[in-house]
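J.: If you count the sequence shown from 1, position 46 lands on 46 in our numbering, and the numbers rise without skipping.
These are computed hints drawn from the structure, not numbers from a lab. Small disclaimer: the values here were computed from a predicted structure and weren't measured. Among the clues, some could well be false.
[As the list claims (entries may be wrong)] Pairs of lysine-lysine, DSSO-like flavour, derived with a Cα cap of 27 Å:
1. Lys166 x Lys23
2. Lys23 x Lys171
3. Lys16 x Lys174
4. Lys16 x Lys44
5. Lys44 x Lys174
6. Lys174 x Lys23
[Claimed, not checked] Have a look at the derived ranges for each label pair, beta carbon to beta carbon:
7. Val156 x Thr4: 17 to 27 Å
8. Asp129 x Ala14: 14 to 24 Å
9. Gly45 x Trp126: 19 to 29 Å
10. Ala39 x Glu133: 35 to 45 Å
11. Phe26 x Val145: 21 to 31 Å
12. Gly45 x Met1: 15 to 25 Å
13. Glu106 x Lys44: 35 to 45 Å
14. Glu106 x Val145: 15 to 25 Å
15. Asp97 x Val42: 27 to 37 Å
16. Glu9 x Asn107: 37 to 47 Å
17. Asp97 x His21: 23 to 33 Å
18. Ala14 x Tyr160: 36 to 46 Å
19. Glu106 x Val42: 34 to 44 Å
20. Lys166 x Lys44: 17 to 27 Å
For glycine and all other residues, C-beta sits at the position ideal for the given N, C-alpha and C.
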Amino acid sequence: MEFTVHTIETAPSASKEMLAHAKDTFGIIPNLEGVLASAPPVLKGGMILWDLFETTSFTPTERQVIYLTINYAHECHYCMAAHSALATSCMLPSDIDLLRNGEVLENAKLQALQKFTRRLVEARGWVEDNEVEEFINAGYTKEQVLEVILGIAIKVIHNYTNHLAKTPVDKEFKPYSWDNESNAI
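Generate the whole structure from the sequences, applying the supplied hints.
T.: Below, the structure written as structure tokens:
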């Protein structure tokens with residue numbers, strides 16, 4: 001099934017302002033937002049959740065660790081490319097490569113975040129108490145346990161949309177294209 005990648009001109013009227021906001025935020029209208037524009041409430045929900053996740057207690061690096069870990073688990077070609085590009089502003093290329101390959105980060109605290117995020121996704125939220133305690137003992141909080149779930153909620157909307165729509169990777173993200181079907185969770 002084909003999904004339209006809308007522009008401001010072709011989008012439903014309820015999505016036009018949100019696409020303009022995306023362009024102001026990212027400098028482009030990412031193809032994902034163009035696809036989501038077909039369903040204005042879904043586009044709005046994704047944007048609201050994104051903005052809320054930006055206000056969590058996680059650093060920009062930690063947010064990208066969460067996103068890239070989820071994208072890997074969900075095998076999302078589009079979001080892996082987009083977040084690899086975004087992560088270059090706050091992460092070492094070697095750490096981005098580790099996340100893109102599903103490998104363990106070297107930094108112990110980020111490794112704990114990566115592991116906990118992956119377990120939440122794999123277990124669909126049914127993690128053991130000792131896994132939560134291990135995450136907290138690594139320097140995180142109960143608040144951040146819940147904030148990881150917010151990150152997962154965003155990526156479910158985005159990753160699943162990209163799977164259905166086969167969203168084409170924007171030219172800006174093409175250098176970070178990714179396909180890792182054999183190693184994803």
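J.: Under the constraints set out in the numbered hints, which ones does this structure not fulfil?
T.: 8, 18
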